[in-house]
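Novice: What follows is the residue order along each chain.
Protein chains: 2
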Amino acid sequence: MPEFRQNPITREWVIIATERARRPDQFVHKEKPKELPRRSPTCPFCLGNEHMTPPEVHRLSGPDGWDVRVVLNKYSALALEGEHWRRSEGLKRAAAGVGQHEVLIETPEHGMTTAQLPLPQVEKIIRTYKSRYFAVSEDPRIELITLFKNHGEGAGASLEHAHSQLIGTPIISPQIRSRMEEALRHFDELGECIFCRVLREELAEGTRIISQNQHFVSFVPYASLSPFATYIFPQRHMASFGESQDAEIRSLAWILRDMLARLYYGLENPDFNYTIRTAPCENRYCRYYHWYISLIPRLTKVAGFELGSGFFVNITLPEQNAEFLRNVKIPEPAEAAAQ
Amino acid sequence: MPEFRQNPITREWVIIATERARRPDQFVHKEKPKELPRRSPTCPFCLGNEHMTPPEVHRLSGPDGWDVRVVLNKYSALALEGEHWRRSEGLKRAAAGVGQHEVLIETPEHGMTTAQLPLPQVEKIIRTYKSRYFAVSEDPRIELITLFKNHGEGAGASLEHAHSQLIGTPIISPQIRSRMEEALRHFDELGECIFCRVLREELAEGTRIISQNQHFVSFVPYASLSPFATYIFPQRHMASFGESQDAEIRSLAWILRDMLARLYYGLENPDFNYTIRTAPCENRYCRYYHWYISLIPRLTKVAGFELGSGFFVNITLPEQNAEFLRNVKIPEPAEAAAQ
Numbered sequence: 004m005p006e007f008r009q010n011p012i013t014r015e016w017v018i019i020a021t022e023r024a025r026r027p028d029q030f031v032h033k034e035k036p037k038e039l040p041r042r043s044p045t046c047p048f049c050l051g052n053e054h055m056t057p058p059e060v061h062r063l064s065g066p067d068g069w070d071v072r073v074v075l076n077k078y079s080a081l082a083l084e085g086e087h088w089r090r091s092e093g094l095k096r097a098a099a100g101v102g103q104h105e106v107l108i109e110t111p112e113h114g115m116t117t118a119q120l121p122l123p124q125v126e127k128i129i130r131t132y133k134s135r136y137f138a139v140s141e142d143p144r145i146e147l148i149t150l151f152k153n154h155g156e157g158a159g160a161s162l163e164h165a166h167s168q169l170i171g172t173p174i175i176s177p178q179i180r181s182r183m184e185e186a187l188r189h190f191d192e193l194g195e196c197i198f199c200r201v202l203r204e205e206l207a208e209g210t211r212i213i214s215q216n217q218h219f220v221s222f223v224p225y226a227s228l229s230p231f232a233t234y235i236f237p238q239r240h241m242a243s244f245g246e247s248q249d250a251e252i253r254s255l256a257w258i259l260r261d262m263l264a265r266l267y268y269g270l271e272n273p274d275f276n277y278t279i280r281t282a283p284c285e286n287r288y289c290r291y292y293h294w295y296i297s298l299i300p301r302l303t304k305v306a307g308f309e310l311g312s313g314f315f316v317n318i319t320l321p322e323q324n325a326e327f328l329r330n331v332k333i334p335e336p337a338e339a340a341a342q
Numbered sequence: 004m005p006e007f008r009q010n011p012i013t014r015e016w017v018i019i020a021t022e023r024a025r026r027p028d029q030f031v032h033k034e035k036p037k038e039l040p041r042r043s044p045t046c047p048f049c050l051g052n053e054h055m056t057p058p059e060v061h062r063l064s065g066p067d068g069w070d071v072r073v074v075l076n077k078y079s080a081l082a083l084e085g086e087h088w089r090r091s092e093g094l095k096r097a098a099a100g101v102g103q104h105e106v107l108i109e110t111p112e113h114g115m116t117t118a119q120l121p122l123p124q125v126e127k128i129i130r131t132y133k134s135r136y137f138a139v140s141e142d143p144r145i146e147l148i149t150l151f152k153n154h155g156e157g158a159g160a161s162l163e164h165a166h167s168q169l170i171g172t173p174i175i176s177p178q179i180r181s182r183m184e185e186a187l188r189h190f191d192e193l194g195e196c197i198f199c200r201v202l203r204e205e206l207a208e209g210t211r212i213i214s215q216n217q218h219f220v221s222f223v224p225y226a227s228l229s230p231f232a233t234y235i236f237p238q239r240h241m242a243s244f245g246e247s248q249d250a251e252i253r254s255l256a257w258i259l260r261d262m263l264a265r266l267y268y269g270l271e272n273p274d275f276n277y278t279i280r281t282a283p284c285e286n287r288y289c290r291y292y293h294w295y296i297s298l299i300p301r302l303t304k305v306a307g308f309e310l311g312s313g314f315f316v317n318i319t320l321p322e323q324n325a326e327f328l329r330n331v332k333i334p335e336p337a338e339a340a341a342q
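Each protein sequence line maps, in turn, to chains A and B. Heads up: the first sequence begins at 4 in the numbering used here, then just goes up one per residue. Heads up: the second sequence begins at 4 in the numbering used here, then just goes up one per residue.
By construction, these hints were calculated from the structure, which means they are not laboratory data. Note that the structure is predicted; figures quoted are calculated from it, not measured.
Copies of the same chain look alike in the list, so a pair counts if it fits in one copy or across any two.
Calculated pairs, BS3-like style, for lysine-lysine (alpha carbon to alpha carbon, straight line, at most 30 Å):
{"id": "1", "residue 1": "K304", "residue 2": "K133"}
{"id": "2", "residue 1": "K77", "residue 2": "K37"}
{"id": "3", "residue 1": "K77", "residue 2": "K33"}
{"id": "4", "residue 1": "K304", "residue 2": "K35"}
{"id": "5", "residue 1": "K332", "residue 2": "K35"}
{"id": "6", "residue 1": "K332", "residue 2": "K37"}
{"id": "7", "residue 1": "K127", "residue 2": "K77"}
Build the full structure now, drawing on both the sequences and the hints.
Specialist: Here is the structure:
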């Protein structure tokens, strides 16, 4: 019989097709990922094409000029300059569309996905996330910082060169507010962070764990909304991603790359999004919220039922997803094998 | 400058690209809709293939046997039989996946989209929605009834023969609960239905109205989340779709078909979902909620920012969308012209 499962963090319900579930291997792409060229003359994110991007706001230098580069988004959702006004006229509520929208170019090489980059390069990406998190959070207009990555056309990426994005908004969305409230309610009742508790229960049960290292755990949540949707939780309680220490950043680089490699080699490079869900700036030290990464492969479509009811339907079993991902063989990186 | 707008009903914020907005006509499909055959020998929804569907639960008879047919869904998300249990084990919360999942076959003809059907046929579809709403709401396990339609592959439809679906769930999702709570809060503060107020303000302003008849109004909401997303509101306060009177059903058939024809002829048959958002069964007579239809053409993709922050980005202007849809020329139906 199908089963409803509830995510205790978001309170969202998903219908898990326990009997007629599709096997994880039915989601493997039929074709091997296509090889990309090392450089593309028309790609604004390639080495040598720096003049094709909007102004650079940050760079990590490297032997060829840069290893990671951060630029303003050419198609920014928000205006960089301007006051933050709010207006209310009857039920028409509006606010100034001010904020920061940046693109983080993850590598000078066109042909590499994040999963294939050497570990030290992924560390540089995460360190850049943290630098930009701090830089943007100093803007007094900014209330919430969303770091995310779109990979592949089906996930909304318009350029294939590996990149992430940061958007700082002067408003907190009701989705984030309601999650903060739920976490606060749990803390108020039981004196514990609900995320710390979820992590403890997942580790004790073990069936949905994918990888683990000193500071992080990746797992398929019990009430996973879609096939292979995965969480990465820091083991130490931290409300804000910005509080991560150096050792944690190294550890995060390892587990994120591990997770992306499992998708890349196990499912043949599916489209995906990931997002760092960190506390709003004003709650960065709170005891009840815990930052994490949510990674969503885009293998199925949201349709009328999900849009109209808020319920999700997952046609796979979270436990089988986790087992499949645990068993993926990740090849040694070429440069490591060559050494 | 871009502008944030907030939907007072859902409290969701959308960033409207007021300056670099794309013009509505940029969303028109390059190709004319393909012609479908009148019958398809392999389609389970075609006349003569009734043996290919799961059991029929309802039919409206017609000269060829039936005009509208309702069958159980072959790939039901929920089990029809069984007790509704709830279970809680640590933070693992689950419930029996019981409920009703039906498919409403809108016409015996394979080649017709809802927009092209004669008006009396669309009335029959809506009357069938109401019959099934009542039949399913008599099941004491059912708390929420979601009526919806997926049109086109990009909207999650797996069969091209025109059909809608009904899912009755034993649980109310947090999305629905939070909307009920917001509506109740507004009622509690101001003694009015927030939906009635939105409708009054939209009619007074007029710039986002598409169509209007005696009982219904279609409009692009002020904080529309995506291009051409549209609401259809009944003018009379009713919490539940099931309360619609005969005259209202005729009026609804007209405005729904009018709206679908504007999409079909104006944008060349885009993929879309619509959903009837009606109050949970236990709230069917409440004063603070108001049922409506939400219609969402699937012209853009949700990406990492939307998934990770709960904010939406609309690259069109609601006022321009409404103007474009108002100006669509709808051809006379062939059978009317022939008479």
